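Asks: Now for the letters of each chain:
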Amino acid sequence: MIPGLEPGEDMELKLKELAQELGCELEGNGEVEIRAIAGLREAGEGDLTFVANPRYLKYVEETRASAIILSPSDPPLSKPTLRTDNPYLAFARALEIFYPVSRPAPGVHPSAVLEEGVELGQEVSIGALTFVGRGAHIGDRSILFPQVFVGAGSQIGEDSILYPQVTVREGVRIGNRVIVHSGAVIGSDGFGYAKDGQGRYRKIPQVGGVMIEDEVEIGANVTIDRATLGDTRIGRGTKIDNLVQIAHNVQIGEDTIIISQVGIAGSTRVGNRVILAGQAGVVDHVQIGDDCIVGSQSGVAGDLEAGSVVLGSPAIPQHLFKRMAVSLPRVPEMLKSLRNLERRVQSLEEASGGRP
Amino acid sequence: MIPGLEPGEDMELKLKELAQELGCELEGNGEVEIRAIAGLREAGEGDLTFVANPRYLKYVEETRASAIILSPSDPPLSKPTLRTDNPYLAFARALEIFYPVSRPAPGVHPSAVLEEGVELGQEVSIGALTFVGRGAHIGDRSILFPQVFVGAGSQIGEDSILYPQVTVREGVRIGNRVIVHSGAVIGSDGFGYAKDGQGRYRKIPQVGGVMIEDEVEIGANVTIDRATLGDTRIGRGTKIDNLVQIAHNVQIGEDTIIISQVGIAGSTRVGNRVILAGQAGVVDHVQIGDDCIVGSQSGVAGDLEAGSVVLGSPAIPQHLFKRMAVSLPRVPEMLKSLRNLERRVQSLEEASGGRP
Amino acid sequence: MIPGLEPGEDMELKLKELAQELGCELEGNGEVEIRAIAGLREAGEGDLTFVANPRYLKYVEETRASAIILSPSDPPLSKPTLRTDNPYLAFARALEIFYPVSRPAPGVHPSAVLEEGVELGQEVSIGALTFVGRGAHIGDRSILFPQVFVGAGSQIGEDSILYPQVTVREGVRIGNRVIVHSGAVIGSDGFGYAKDGQGRYRKIPQVGGVMIEDEVEIGANVTIDRATLGDTRIGRGTKIDNLVQIAHNVQIGEDTIIISQVGIAGSTRVGNRVILAGQAGVVDHVQIGDDCIVGSQSGVAGDLEAGSVVLGSPAIPQHLFKRMAVSLPRVPEMLKSLRNLERRVQSLEEASGGRP
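Protein chains in written order, with the numbering used here: chain X, 1 to 356; chain W, 1 to 356; chain V, 1 to 356.
Treat the hints with caution; some may be incorrect.
Here are the simulated BS3-like pairs of lysine-lysine, each with C-alpha atoms no more than 27 Å apart in a straight line [claimed, not checked]:
1. V:K16 / X:K203
2. X:K336 / W:K322
3. V:K322 / X:K336
4. W:K16 / V:K195
5. X:K336 / W:K336
6. X:K79 / X:K16
7. W:K336 / V:K336
8. X:K322 / W:K322
9. W:K203 / X:K14
10. X:K195 / V:K58
11. V:K322 / W:K322
12. V:K16 / X:K195
13. X:K16 / W:K203
14. V:K322 / X:K322
15. V:K14 / X:K203
16. V:K336 / W:K322
17. V:K203 / W:K14
18. W:K79 / W:K14
19. W:K58 / W:K79
20. W:K195 / X:K16
21. V:K203 / W:K16
Here are some chain X residues the structure puts well away from chain V; computed CB gaps all over 10 Å [stated by the list, open to error]:
22. G46
23. R55
24. L57
25. K58
26. P76
27. E116
28. G139
29. R141
30. Q155
31. R173
32. R177
33. N272
34. E305
Source of the hints: derived by calculation from the structure; they are not laboratory data. Here the structure is a predicted model, which means the values were calculated and not measured. Here a beta-carbon is modelled for each residue, glycine too, at the ideal position from N, C-alpha and C.
Between the sequences and the hints, there should be enough to build the whole structure, so can you do that?
Replies: And the structure:
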């Protein structure tokens with residue numbers, strides 16, 4: 001943070017100060033006052049805007065923003081410009097400066113219910129109507145918003161945030177700087193049954209836990225089941241979008257991106273830096289290597305080697321899927337051509353005195 | 001409401017009164033007493049039933065209902081009948097009459113937690129264990145059931161209903177006559193990250209809001225993310241079923257229907273009177289025109305012109321999809337025919353002295 | 001339970017006692033002390049492990065477990081072994097013995113809110129910050145964890161468990177030994193609207209209920225809508241995984257398995273012992289016979305006869321789907337072959353003096 005600067009709605013920074021703060025190269029008038037960040041088309045006087053995707057460059061000349069963040073390869077501009085190799089990252093940092101998070105004051109709200117043996121770190125905030133079970137541990141500066149549930153013996157690290165109405169069942173470990181959004185359920189029972197002699201399902205007790213490593217973010221209404229034995233694990237820096245299902249004993253690597261409504265079945269292992277696009281599904285007990293990309297709505301039914309890029313249900317390599325997507329709509333016409341060809345060949349055969 | 005009539009279980013109306021109330025034409029004995037509404041096959045003595053879908057007409061003669069709502073084009077019936085162009089709408093109104101909603105008494109339950117500066121309209125109900133953040137505004141006659149969360153500065157209009165365990169994060173605006181079902185999360189952070197120099201994801205602060213217009217209904221466990229900047233918007237009269245995902249900066253038009261488990265990715269615009277069927281997905285940054293219909297489980301990967309009807313993943317025009325659905329299962333047999341044909345052509349070529 | 005045995009972390013059983021308890025045949029040293037249950041590869045000294053899936057037999061020789069549960073047909077082993085026809089079921093029972101569920105003490109937490117006329121059976125536990133509406137009935141030994149909502153007049157049977165933040169709306173009946181996981185919503189309004197004369201949607205009041213029969217288990221963040229009239233019904237022993245959507249008036253049979261993220265549309269009937277795999281969808285108003293299996297991500301658009309096994313969207317018989325999955329990726333190459341063949345046939349036709 002810039003020393004002496006107070007966060008809030010009245011923030012105002014000269015562009016040259018911002019250039020220094022964001023590590024950007026300044027082009028044009030550095031004395032321009034920036035008061036807010038806005039999108040290219042919504043921006044007005046006093047706003048800083050940005051272009052991270054080249055297809056928006058065409059709107060650059062029309063923007064009413066006072067300044068703009070561009071990459072060094074973007075064309076020169078008449079208005080003040082900040083140049084950086086990563087405009088999107090500079091945009092993220094600018095947002096952090098202009099819209100600092102207002103965090104609840106430390107302390108335990110009188111309506112919260114803490115069972116015996118709860119350990120609270122320094123400057124922890126426990127919101128109204130939140131429940132923390134016996135022996136749970138909440139690390140320094142972590143925030144539990146109102147109406148959160150943390151079960152007995154669970155551990156939350158430092159600087160983590162649990163938004164309203166998160167459920168963390170017993171025996172779950174959550175690392176540092178983790179963010180969990182409202183309605184997410186961590187540590188629900190895995191879905192496991194054994195058929196008994198009468199063909200009825202008997203529940204397999206789910207006695208394992210969940211381990212969420214540092215810097216993970218978990219979306220709204222996500223479900224992460226506890227392991228049958230051992231741990232379900234989400235690796236450091238992995239980001240999970242809303243309404244995702246992670247079944248028992250799944251192991252997810254680091255810096256992996258899981259888009260909304262993806263489902264990952266039991267005991268599957270997903271590597272590092274993987275991207276699972278929206279509504280994709282992965283069956284149980286398979287292994288997805290590092291750096292794989294699984295397209296939206298795809299269904300992965302077997303192991304994927306590191307670096308695979310797949311699409312479709314069942315998922316196939318992307319280049320093959322794209323060829324199929326072009327050719328499959330032609331199948332009705334192919335069927336006609338084939339019929340026609342069969343007739344012509346038959347005529348030729350008859351003309352040549354029957355099949356050889 | 002019919003003057004002097006008390007809602008409740010002991011309601012009893014003559015069919016002629018009901019005809020007038022529902023704006024239907026009466027055929028047969030108007031003195032019949034109606035005490036309840038029931039399905040065609042479940043109805044008995046004293047029940048009013050209806051047929052909105054012609055394929056159920058075959059059951060009409062068997063029903064034990066005392067009276068029935070039909071369209072003018074349906075065949076004549078021996079039992080008392082109410083005729084209307086829109087039997088389903090008359091059925092809806094009859095349900096409203098016989099099953100009036102019992103709303104909680106106005107007032108704030110002593111176990112609710114309201115921060116400073118909360119503004120409550122007239123006859124507002126705040127249920128037990130509900131939390132309302134500082135500066136939030138709840139409009140006249142709106143109902144917050146128990147265990148609801150409304151964040152700081154959020155605004156709820158008049159006559160709106162938030163069912164138990166709804167989460168409305170800070171800075172969300174909700175209109176009049178809006179209904180939000182249990183477990184829905186409105187205003188969770190959008191899913192946005194910028195890669196830093198080390199290949200790790202840095203969170204883009206999500207500092208925008210959500211705008212829910214009048215008469216919207218939002219299903220159970222739906223997630224609607226707040227915008228990065230600006231607003232995520234749901235237009236007037238749009239109805240959203242359970243477990244739907246609406247990403248940041250999505251703009252939905254008016255009178256649109258979004259069936260269960262649909263996912264709409266970031267910044268996509270959906271027009272008016274669109275229907276998105278169950279489990280469909282729409283990628284980010286595309287535009288779906290007015291009056292489009294997207295079939296169930298479809299995947300929309302590009303813009304759709306107004307009035308498009310598409311199916312499949314990737315989605316293609318419906319007529320093409322239907323032809324494909326018929327022809328694709330024949331591909332294995334086509335493959336055989338093709339092999340066979342190749343052999344026959346080769347024979348012909350050999351017989352005619354080799355290829356020309 | 002073995003008499004005189006205290007559940008807890010210090011449990012220790014001789015293998016011969018366990019053999020008797022689990023109904024297994026003992027091979028080898030029955031004096032071995034078992035202190036925990038563990039997976040094949042994670043197990044160590046003092047652990048009992050198991051093999052239910054033959055493909056894991058290859059790891060049997062390497063396990064460091066002190067004893068192992070196998071089926072009679074598995075090869076003989078040098079270490080102490082328990083033999084049973086159903087190793088997975090024996091594993092489930094062993095987990096029950098070594099990891100007994102710690103249930104909250106009976107009683108009503110002082111922060112819970114119970115409206116007038118609530119009836120509580122014997123030894124019921126009502127957790128902190130839980131709300132029970134007027135006239136609701138909670139059966140003997142049932143457990144409502146903290147922050148649960150049970151609406152007016154709803155009934156919960158005996159020995160049932162509602163995990164934290166479950167919502168049970170008014171007028172829902174839940175049987176005995178039912179388990180409902182966090183975030184599940186039972187009894188939200190069905191998704192039904194009638195178009196009025198102006199093309200706007202008018203809500204159909206959803207005045208029916210939900211009936212959950214005995215021994216059902218319902219996953220985290222599942223949504224089960226109440227019926228328009230009558231009941232949405234989940235049959236005895238059916239198990240529902242996380243994030244599943246059950247629409248209004250759906251009828252599900254007994255001992256059916258519904259994997260995560262499945263959606264079942266309104267008024268559809270699903271038989272007994274059906275398996276609906278992950279992310280499958282079923283349209284409204286169809287009937288799925290007993291013992292059907294619907295593959296993951298499949299879309300069922302019509303009735304299915306008992307015993308059907310289907311895959312794909314739209315769903316087709318499994319054997320046909322598998323043939324298609326092999327042949328469809330060959331369509332691009334077929335298209336080329338077809339073109340090539342057309343040219344060759346044209347040449348032959350020209351050589352033979354034109355088409356006959």
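Asks: Between K79 of chain X and K16 of chain X, is the straight-line Cα distance small enough, at 27 Å or below?
Replies: Holds - the C-alpha atoms of K16 of chain X and K79 of chain X are around 14 Å apart, at most 27 Å.
Asks: Confirm or reject the statement that L57 of chain X sits farther than 10 Å, beta carbon to beta carbon, from all of chain V.
Replies: holds (35 Å)
Asks: So if I understand the rule, the pair passes when the alpha-carbon distance is 27 Å or less; does K16 of chain V with K203 of chain X pass?
Replies: holds (24 Å)
Asks: Confirm or reject: N272 of chain X is not an interface residue toward chain V, with every Cβ-Cβ distance exceeding 10 Å.
Replies: holds (21 Å)
Asks: Hint check: K336 of chain X vs K336 of chain W, CA-CA at most 27 Å. Holds or violated?
Replies: Cα-Cα ~15 Å, so holds.
Asks: May I ask you to check that R55 of chain X keeps its beta-carbon over 10 Å from the closest beta-carbon of chain V?
Replies: holds (29 Å)
Asks: Does K322 of chain W lie within 27 Å of K322 of chain V when you go C-alpha to C-alpha?
Replies: Holds. K322 of chain V to K322 of chain W sits at ~20 Å (cutoff 27 Å).
Asks: With the threshold set at 27 Å, check whether the alpha-carbon distance from K58 of chain W to K79 of chain W stays at or below it.
Replies: Measuring from Cα to Cα gives roughly 15 Å; hence the hint holds.
Asks: With a cut-off of 27 Å on the C-alpha distance, tell me whether K195 of chain X and K58 of chain V pass.
Replies: holds (24 Å)
Asks: R141 of chain X clear of chain V by more than 10 Å, beta carbon to beta carbon?
Replies: holds (24 Å)
Asks: Closest CB-CB distance from Q155 of chain X to chain V, is it above 10 Å?
Replies: holds (17 Å)
Asks: So is K58 of chain X really clear of chain V, every C-beta pair being over 10 Å apart?
Replies: With a cut-off of 10 Å, K58 of chain X remains clear of chain V, as the shortest Cβ separation is near 35 Å.
Hint compliance for this structure: every hint is met.
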